[in-house]
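Chemist: Order-wise, the sequence lines are chains E and Y. Under our numbering, the first residue of the first sequence carries the number 1, and numbering increases by one thereafter. Under our numbering, the first residue of the second sequence carries the number 1, and numbering increases by one thereafter.
These are computed hints drawn from the structure, not numbers from a lab. Even glycine gets a Cβ: it sits at the ideal position worked out from N, Cα and C. Warning: the hint list may mix true and false statements.
Below, a sample of chain Y positions facing chain E; criterion: calculated Cβ distance under 8 Å [as the list claims (entries may be wrong)]:
1. D20
2. L28
3. E31
4. Q52
5. S56
6. S57
7. P59
8. F60
9. D147
10. R841
11. Q842
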Amino acid sequence: MPGKFLAEFELYVMLAMAQLGENAYGASIRKEIQKRTGRPVSIGALYATLARLGEKGLVAFEISDPQPVQGGRARKHCQLTPEGEEALQHSAAMLGRMMDGLDLAPQSGGQS
Amino acid sequence: MPQTPRGWRFLVRVLCDPEDRWFVLDDLEEEFAEIAGGAGGLREARRWYRAQVLSSSWPFLRRRARRIRSFLRPSRITHKPRSVRPSGAMLMQNPLRNVRFAFRSLRKTPIVVLVTVFSLTVGIGASTSVFSLVNAFLFQESEGLADPDGLVAVYTSADHGGLYGESSFPDFLSLQEQSETLEGLVAYRAGFLTFDPPASNPDSPPDRLIVEIVTGNYFDVLGIPVPLGRGFLPEETQIGQALDLIVLSHEEWIDRFGGDRGVLGQTLDLNGRDFTVIGVGPPGLVSRMNRLKVSGWVPLGTPEGIWHATPQELASRRDHDCNIMARLGDGTTFEMAQSELSLIASRLGEEFPEAWTDDRGHPRTFTALPEKESSLPPDARKALAGLGAILMGGAFLILLIACSNVASLFLARAQRRKQEMAIRLSMGASRGRLARLFLTESLILALAGGVGGLALAWWFSEFMAALPLPLDVPLAFDIGLDGRVLAFALSIALGSAIAFGLAPALRGSNPNLVPALKADAGGNGVRGRKFGLQNLLVIGQVTTSLVLLIGAGLFLRTVQKGATLNMGFNPDRVAILWKELGPEYAGPGGAVRFAQETEARLEALPEVENVEMARRAEGSVLDLADRAVLDIPGFENPDGGPVVSSYTSITAGFAEMLEIPILRGRSFTNADGPGAPGVALVNESFVSRYWPESDGLGETFTMLERREVDTPTPAPPTAFQVVGIVRDQNQTIPGARRGPFIWIPYEQDYASRAIVHVKGHTSAAAMVPILREELPLGPGEVPLIPAQTYEEAIRGRFIGQEIASKLLSWAGLFALGLAWIGIFGIVSFAVSRRVKEMAIRQAIGAPRGDVLRSLVWEGMFLTVVGLVLGLALAIPLGILMGSILVGIGPVDPLAVGGGSAVLVGAAFLASLIPALRVMKVDPMAVLREE
Chain E
1 MPGKFLAEFE
11 LYVMLAMAQL
21 GENAYGASIR
31 KEIQKRTGRP
41 VSIGALYATL
51 ARLGEKGLVA
61 FEISDPQPVQ
71 GGRARKHCQL
81 TPEGEEALQH
91 SAAMLGRMMD
101 GLDLAPQSGG
111 QS
Chain Y
1 MPQTPRGWRF
11 LVRVLCDPED
21 RWFVLDDLEE
31 EFAEIAGGAG
41 GLREARRWYR
51 AQVLSSSWPF
61 LRRRARRIRS
71 FLRPSRITHK
81 PRSVRPSGAM
91 LMQNPLRNVR
101 FAFRSLRKTP
111 IVVLVTVFSL
121 TVGIGASTSV
131 FSLVNAFLFQ
141 ESEGLADPDG
151 LVAVYTSADH
161 GGLYGESSFP
171 DFLSLQEQSE
181 TLEGLVAYRA
191 GFLTFDPPAS
201 NPDSPPDRLI
211 VEIVTGNYFD
221 VLGIPVPLGR
231 GFLPEETQIG
241 QALDLIVLSH
251 EEWIDRFGGD
261 RGVLGQTLDL
271 NGRDFTVIGV
281 GPPGLVSRMN
291 RLKVSGWVPL
301 GTPEGIWHAT
311 PQELASRRDH
321 DCNIMARLGD
331 GTTFEMAQSE
341 LSLIASRLGE
351 EFPEAWTDDR
361 GHPRTFTALP
371 EKESSLPPDA
381 RKALAGLGAI
391 LMGGAFLILL
401 IACSNVASLF
411 LARAQRRKQE
421 MAIRLSMGAS
431 RGRLARLFLT
441 ESLILALAGG
451 VGGLALAWWF
461 SEFMAALPLP
471 LDVPLAFDIG
481 LDGRVLAFAL
491 SIALGSAIAF
501 GLAPALRGSN
511 PNLVPALKAD
521 AGGNGVRGRK
531 FGLQNLLVIG
541 QVTTSLVLLI
551 GAGLFLRTVQ
561 KGATLNMGFN
571 PDRVAILWKE
581 LGPEYAGPGG
591 AVRFAQETEA
601 RLEALPEVEN
611 VEMARRAEGS
621 VLDLADRAVL
631 DIPGFENPDG
641 GPVVSSYTSI
651 TAGFAEMLEI
661 PILRGRSFTN
671 ADGPGAPGVA
681 LVNESFVSRY
691 WPESDGLGET
701 FTMLERREVD
711 TPTPAPPTAF
721 QVVGIVRDQN
731 QTIPGARRGP
741 FIWIPYEQDY
751 ASRAIVHVKG
761 HTSAAAMVPI
771 LREELPLGPG
781 EVPLIPAQTY
791 EEAIRGRFIG
801 QEIASKLLSW
811 AGLFALGLAW
821 IGIFGIVSFA
831 VSRRVKEMAI
841 RQAIGAPRGD
851 VLRSLVWEGM
861 FLTVVGLVLG
871 LALAIPLGIL
881 MGSILVGIGP
891 VDPLAVGGGS
901 AVLVGAAFLA
911 SLIPALRVMK
921 VDPMAVLREE
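Can you build the whole structure from these sequences, using the hints too?
Modeler: Here it is, written out as structure tokens:
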């Protein structure tokens with residue numbers, strides 16, 4: 001599937017979305033990535049990446065109804081499209097294949 | 001809930017892509033609140049927020065850049081996220097949708113649209129018209145020249161010291177020989193040939209051809225192609241032995257010869273000589289001389305010569321009658337050429353001290369100008385630029401009025417749409433988006449106005465092209481609409497869209513939500529502030545219209561006064577004609593013979609009262625000042641130069657005919673003939689300058705040399721005795737004799753021309769056909785002043801002012817109309833808001849007159865304020881225009897009073913009509929409605 005390789009940050013964003021499921025929106029994705037990688041993520045870079053993924057058709061957005069609290073706001077929720085899921089699986093598979101036979105077993109919960 | 005830092009929040013709003021702006025801000029706020037609630041507290045949260053904004057700035061900007069790029073390359077296929085529901089706010093982001101929306105909302109108010117487009121058409125049309133005029137005269141580039149940037153015009157300083165005079169042919173040859181920076185030099189001048197039509201149509205009268213007389217290298221140096229036939233060859237154009245050849249202009253070839261290729265090789269009978277047609281020039285090529293439309297090009301230096309380019313004239317270094325154009329050599333700059341020209345000039349000054357000294361005793365100079373600045377004489381250029389600036393200012397004032405009119409219309413419209421806007425705002429549209437919507441509407445209207453304005457300008461250019469010139473010569477000034485004019489119209493249309501659209505856009509997009517949302521958006525009974533924006537606009541309109549009206553009045557009065565000015569002589573019932581004396585009257589005594597014959601013949605006619613000759617058409621559009629070098633016993637010029645004075649010669653009886661005021665002594669009589677002792681009249685300035693001790697009568701001086709303009713005549717040195725003193729003219733009159741002036745008898749002069757003055761018994765107009773009939777053109781003769789009344793000839797001087805007065809009158813009328821609409825609108829609006837108040841007042845017994853007066857005062861108050869401001873502005877304006885106003889002061893009571901009266905009258909009507917309309921309404925009906 002040429003052309004569907006994901007850049008590192010794109011991969012992080014999509015993985016975070018996969019982790020968050022229904023609750024994926026700007027702030028939650030940002031926090032998820034920062035929590036898991038320990039690397040500071042700027043909201044601007046995140047939204048730029050989301051927009052790019054949206055243009056590629058890998059991510060879809062939905063404006064939610066306002067939160068049911070005083071002053072609640074609408075959120076721009078993100079979901080992986082079927083193409084997005086496929087691309088994610090593809091990238092993960094590629095990554096796995098590239099690591100085959102290397103002694104680089106991933107450590108889970110890696111927050112060093 | 002803690003507030004996020006304001007400044008940083010604002011930065012996000014500015015930088016972030018509008019699509020995500022609010023989501024990003026919300027996300028940031030959410031986390032900000034979380035952090036602020038944690039251990040670090042508010043300080044930590046602020047630090048985090050700042051870091052986020054800073055690290056996001058670059059991605060934000062990149063995103064914006066990407067969006068702009070993809071907007072510019074719409075063909076690029078992008079995947080749109082399909083699941084985004086289009087919200088109303090997003091709809092308006094699309095510029096095309098904005099346009100469609102604007103059209104829909106404009107359709108609802110056709111009258112506003114119509115008035116707007118009309119106002120803008122007038123405003124943009126006026127400024128574009130004036131710009132097309134300025135463009136034609138000042139910015140137009142010469143066509144058909146190869147590499148015009150490499151061409152320079154070279155001028156020799158004139159006798160009176162002006163830098164941009166014509167050059168003599170020997171000086172041209174010296175330049176050609178000595179210059180190393182100038183590669184090719186061409187000399188050229190205008191000439192006139194009489195064309196005897198071919199035998200096929202012997203009955204048609206002889207025709208006059210205007211040609212350019214050029215050196216043989218003209219086409220080669222200027223890089224002008226000769227599409228049909230060929231240009232001149234060097235061996236055909238040797239000075240002194242040049243052949244009678246002609247390259248026809250494309251237009252002449254089409255008009256006279258029907259574009260027949262067979263014309264090549266034919267001979268044309270011009271001035272009784274056979275000129276062989278060797279080529280046809282490219283279409284659109286005009287003379288380098290003031291863009292004269294010429295019939296063709298003929299070689300300079302034929303053995304017989306042509307009018308003003310005879311072998312004798314070409315041989316004289318004193319005869320400044322050539323124009324010079326040159327091409328800069330490879331690697332030479334304009335500055336190098338100019339410094340070399342100065343060097344050559346000083347060398348020539350040493351070699352030919354007499355010819356190279358001007359009347360003030362200063363050495364002459366050479367001056368170069370780039371080709372594009374040389375299409376008009378630089379002095380004329382300056383004068384035109386001044387006139388252009390005034391007209392441009394007038395046109396911009398109209399545009400300003402039009403814009404302010406439209407702005408107040410739009411303000412009123414915004415007022416009515418308050419409710420709609422309030423709803424949009426509360427539904428979540430941003431203020432910026434609403435403002436953009438308003439601006440889109442303005443832009444559409446402005447562009448429509450721009451198209452209308454261009455149409456108007458086109459019509460104007462046709463009108464101007466048809467305007468007669470004071471001189472009977474065809475000039476090629478293309479007052480058309482070229483790319484520059486189009487760009488100008490477009491940019492002022494856009495500028496005016498912003499000018500009239502911005503205030504309503506800002507105001508309309510920011511209504512006070514709560515009252516606006518209430519149904520009662522009309523705001524009954526709330527009186528506006530006295531100096532609200534709309535009122536200020538009307539005041540501005542009144543001010544500008546008054547300035548324009550007064551300006552128009554001043555020009556109008558100038559033209560009117562100019563024709564009836566007391567020039568120091570009375571042109572009443574006199575018609576004149578410029579007669580170039582032909583070969584039959586050449587030599588000493590020829591002019592006298594011509595004068596006697598003509599006077600005898602014309603005075604025999606019953607309609608003619610009197611016929612006199614002079615060598616100068618004083619005060620006319622072509623008032624050539626002939627000059628004489630004098631020797632006055634007992635007087636030395638303080639700066640060492642020769643004593644030079646303007647002079648003319650007149651026949652006996654001339655002073656009486658034109659009522660020239662002779663203070664002391666006598667005028668000329670028939671006894672002052674060719675053989676009699678020399679006698680002269682001089683003016684008061686002459687006496688006070690040269691004989692301050694005496695009253696001048698009986699004093700003597702010698703004319704060492706007499707010149708026709710700058711060209712010496714063969715008159716021998718002659719002594720003259722002063723027999724009469726003439727009163728000085730009013731020095732404020734343009735064209736008045738300034739400084740010392742001499743009259744000598746025509747019979748004692750060597751004139752090569754005669755200005756025939758004929759006085760009729762009844763009117764000057766009746767003399768014109770007589771002059772035309774009795775004194776037809778000779779071969780090669782130029783009617784420099786064709787038969788016309790003397791008053792017409794004087795009025796020709798004021799052609800600029802006449803055009804300006806016409807244009808400004810139109811401008812003033814348009815401005816008045818626009819201001820009228822403005823006042824009418826304001827009063828109507830004010831009245832409609834006060835209907836209830838008026839009804840109550842009448843119901844409780846206020847007299848109708850009182851109520852009416854208070855309504856009319858609404859409009860008149862603004863008018864009076866505008867009037868005061870306008871008068872305050874018009875006075876300095878008049879002083880500024882002083883140099884082109886003739887015979888009237890800067891505060892001409894008629895112009896100022898007339899302009900103000902017209903304005904006040906119009907304003908009164910504009911206020912009265914809506915007020916009267918509202919008075920017709922039955923007060924009880926209004927009250928019952930409540």
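Chemist: Against each hint, give a clear statement of whether it holds in the structure.
Modeler: Checked hints:
no.: 1; hint: D20; in the structure: holds (5 Å)
no.: 2; hint: L28; in the structure: holds (6 Å)
no.: 3; hint: E31; in the structure: holds (5 Å)
no.: 4; hint: Q52; in the structure: holds (6 Å)
no.: 5; hint: S56; in the structure: holds (2 Å)
no.: 6; hint: S57; in the structure: holds (7 Å)
no.: 7; hint: P59; in the structure: holds (4 Å)
no.: 8; hint: F60; in the structure: holds (5 Å)
no.: 9; hint: D147; in the structure: violated (51 Å)
no.: 10; hint: R841; in the structure: violated (50 Å)
no.: 11; hint: Q842; in the structure: violated (53 Å)
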